[in-house]
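**Q** Below, each chain spelled out in residue letters.
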Amino acid sequence: MNTLTGTGMLLRLALRRDRWMIAVWTVFTSVVPLGFVSAFNATAPTAAARQDFVDTSVHNTAFIIAYGPLHGSTLGQLVTWRAGFIPVIVGLVALLLMIRHTRTEEEAGRLELVGATAVGRHAGLAAALISVLVGSAVVSALSALALVSAGLGAGGAVVFGLGLLLTGCAFAAAGAIFAQLTAGAGGARGIAIVVLGAAFLVRGIASVSQQSGGSLGWLAWLSPVAWAGEFRPYAGDRWWIAVPCLLATAALVALAVTLAGRRDLGSGMIQPRPGPAEAAAALRTPLALAWRLHRGALFSRLAGFAVVGYALGAVAESISHLLDNSGAAARDLLAGLGLRGSLLQQYVDGMMTLAAVVAAAYAIQAALRPRAEEVAGLAEPMLATPVQRLRWAWSHFLFALLGPTLGLAVFGAVLGLAHGINAGDVAGQVPAMLGAALVQLPAVWLFTGVAVALFGLLPRLAAWAFAALPLSLFLGWLGAELQLGEFVTGLSAFSHIPKLPAEPLSVLPLAVLTAMAAALIAAGSAGIRGRDLPIG
Amino acid sequence: MTDAISVTGLVKSFGPARALDGLNLSVRTGEVHGFLGPNGAGKSTTLRILLGLMRADSGQARLLGGDPWTETAELHRRLAYVPGDVTLWPGLSGGEVIDLLGRLRGGMNQTRKKDLIDRFALDPRKKGRTYSKGNRQKVALVAALASDAELLVLDEPTSGLDPLMEEVFREVVREEQRRDGRTVLLSSHILGEVESLCERVTIIREGRTVEAGSLAELRHLSRTSVQAELASPAAGLEDLPGVHDLRADGARVSFDVDAPALDDVLRHLTAAGVRSLVSRPPTLEELFLRHYDTTPVGALR
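Chains as they are written, first to last, in full-length UniProt numbering: chain L, 1 to 536; chain P, 1 to 301.
Check each hint, because a few of them may be wrong.
Label pairs and their calculated CB-CB ranges [what the hints assert, rightly or not]:
hint, chain 1, residue 1, chain 2, residue 2, range
1, P, R55, L, A372, 19 to 25 Å
2, P, S279, L, S267, 53 to 59 Å
3, P, R112, L, P274, 21 to 27 Å
4, L, A372, P, L289, 39 to 45 Å
5, P, N24, L, L15, 47 to 53 Å
6, L, L265, P, A259, 51 to 57 Å
7, P, P16, L, A242, 51 to 57 Å
8, P, T111, L, A23, 55 to 61 Å
9, L, G261, P, N24, 55 to 61 Å
Here are a few chain P residues that sit away from chain L, every Cβ distance over 12 Å (derived from the structure) [to be verified]:
hint, residue
10, E96
11, H189
12, L240
13, A259
14, S276
15, R290
Chain P stretches covered by chain L per the calculated footprint, using a threshold of three residues with CB under 8 Å from any CB of chain L [stated by the list, open to error]:
hint, stretch
16, 74–84
17, 104–116
Worth flagging that the hints you see were computed from the coordinates, not collected in a lab. Note that the coordinates shown come from a computational prediction; the quantities given were computed from them, not determined experimentally. Glycine included, C-beta positions come from ideal geometry on N, C-alpha and C.
Please build the complete structure, drawing on both the sequences and the hints.
**A** Following this line, the structure appears as structure tokens:
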């Protein structure tokens with residue numbers, strides 16, 4: 001029996017378990033560039049208009065950080081540039097899928113079950129790698145097809161797809177390494193997300209440097225997030241980039257295999273420290289336990305909000321200068337894209353919505369923690385003590401309500417501070433940006449409400465709360481893009497949030513969203529009181 | 001003597017599957033009661049209803065004189081529970097879990113906790129994710145046994161423990177019961193454990209109680225195996241009530257006989273002239289195997 005025996009069988013198992021996940025991921029990521037094609041065709045139909053857009057955008061540091069360097073003004077170049085955040089999504093899914101099929105399986109003891117059958121030592125790792133590779137290949141093929149179907153050249157389309165495929169492979173290999181480091185899947189995911197964030201920042205630095213003729217452009221080679229852009233689809237189609245990317249991926253896989261061979265089942269390269277023999281005096285209530293379980297996620301989210309808030313605030317000032325550089329043309333262009341108000345306001349709106357989406361994802365995750373405890377069998381021993389169900393559930397919901405609140409407060413305050421320092425208006429910008437961030441909360445809480453209601457009333461479907469977020473965003477985006485009218489756009493919770501500080505603070509939509517959230521939470525709580533627990 | 005637990009006609013369905021179908025269970029205060037049944041018979045569902053985690057569709061369940069669904073918090077102060085499949089929070093050490101559960105229950109005896117940790121040879125400093133199944137079980141056992149609860153609800157508490165630790169568990173339960181007169185409801189598959197700890201047992205199958213009583217009574221209800229060599233063939237033996245599985249080979253016979261019919265059957269045998277006789281009382285295994293048999297309940301009757 002060689003070390004890969006049984007890989008095919010495990011691969012089928014992995015693909016079977018992920019069929020929905022892969023379907024959503026591949027279709028979503030490959031359809032998005034089509035949206036950009038129609039958006040650019042509608043707003044910048046002529047070469048001159050596109051050139052105007054490029055002239056504006058190359059000075060916008062935030063755009064360059066988010067999407068990478070911009071190499072030209074043809075439609076293909078603009079669309080593939082604007083799709084520059086897709087490598088981040090591909091990387092994220094690849095990392096999470098890898099860890100899900102390796103370390104999570106091992107931690108749950110399922111790998112042991114499978115490993116005792118006629119399965120080779122490295123079959124699990126190989127099956128996980130191939131399944132992510134299959135997913136990336138589907139993304140790659142569908143994306144290329146989408147671009148070709150939109151009338152863009154086939155060469156650039158294939159190169160664009162190839163870039164995404166190799167991004168997926170590189171992050172799958174990186175995920176395979178992270179899965180060897182810690183004994184827990186949570187720790188491995190934490191490392192993966194930090195590394196992905198670092199790769200994104202490195203691409204940002206490299207891109208800004210490339211765009212401004214600086215000397216740090218070579219940093220792009222260190223960040224797999226940047227590789228897809230280095231292929232330069234529709235701007236030279238640099239096929240040969242595939243060679244160094246494949247070599248680097250092969251080296252990462254070799255490292256993962258070496259690490260996997262050096263450790264025992266269930267252990268990691270980083271040994272867990274022993275804990276205390278007795279609980280601290282404060283660990284005596286459900287809330288104290290919830291704090292223990294939530295604090296790691298809370299602190300890492302707060303740190304993330306602070307770092308990203310600072311980076312986004314620091315570049316905000318350069319956007320307000322754009323008006324002087326490009327003048328009316330840029331303003332018209334942005335108005336044509338459906339954006340109103342000053343460039344800075346547009347930027348703030350976009351970033352605040354982005355932060356609200358991240359906060360909402362965190363809210364859903366925190367609100368579903370008691371469901372995870374229920375499924376894992378951890379709720380049962382708790383609820384066999386005098387602790388009442390609602391007290392137990394609410395000790396978690398508290399983090400789903402206050403965690404995002406703190407996160408957005410940190411984001412707004414830090415963004416305002418960084419921008420205020422540049423603009424010489426700290427006293428004015430901090431409260432303004434704090435307000436613009438906090439006003440998002442009712443929409444965020446609505447997602448807490450959806451998660452709580454599902455947990456209480458339809459616990460088996462609780463994980464679908466995560467689907468509510470992209471669905472809401474997608475409807476808002478689709479409605480605006482296809483001009484389907486207020487009704488469809490209005491299904492997105494975020495579309496009701498007043499755009500502070502330019503717009504006045506309208507209380508009614510906020511009150512309605514908050515009331516809806518409260519009603520959902522109340523319904524969920526009633527469900528928790530009345531239902532069987534655990535429901536498997 | 002009052003009953004610590006009394007359950008009558010309990011019914012619980014999960015969708016189309018009927019997990020409990022008129023189950024009865026009564027546990028007297030101060031006794032160790034064995035709760036037995038094959039996998040999927042409804043043991044854990046019954047315990048969850050008694051703990052107020054699930055609500056029965058119909059029937060009555062009383063626990064320590066209260067309603068387990070409406071008086072949850074009050075009743076839980078007086079009991080401790082070890083679930084069938086113990087999972088621990090991956091980031092908390094075993095010692096932390098023991099202390100937390102004890103404090104949530106309203107305090108525990110520190111000396112007894114230390115003593116139990118020693119006797120079960122548990123390392124309380126390891127994190128939840130690093131414990132083996134047996135060690136997770138020990139954490140839950142220490143947390144429950146170190147409490148001053150008057151009722152212990154234990155769902156297959158020794159699964160995953162090695163024989164040495166099983167023995168420690170038996171000792172501890174016996175001590176606790178002698179000292180405080182605690183009531184223990186013990187769901188188990190391990191016959192030796194049930195035989196050595198339990199005064200009375202309830203056997204359930206497919207959500208119904210099929211047998212309840214003291215071990216002595218249950219033995220009495222079962223059949224004795226008889227093999228005999230007779231002077232002449234015993235005519236009419238097959239017609240006697242209570243005789244089963246008769247095999248006759250000339251003057252040699254072997255059969256099973258119900259305990260109440262034993263007297264008549266022996267008289268019949270002596271009439272034919274007994275050369276040799278072997279009779280064997282039912283073992284517990286036979287008793288259980290009869291009830292664990294997977295043929296439907298109706299077919300047995």
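**Q** Tell me, which hint numbers fail for this structure?
**A** 10
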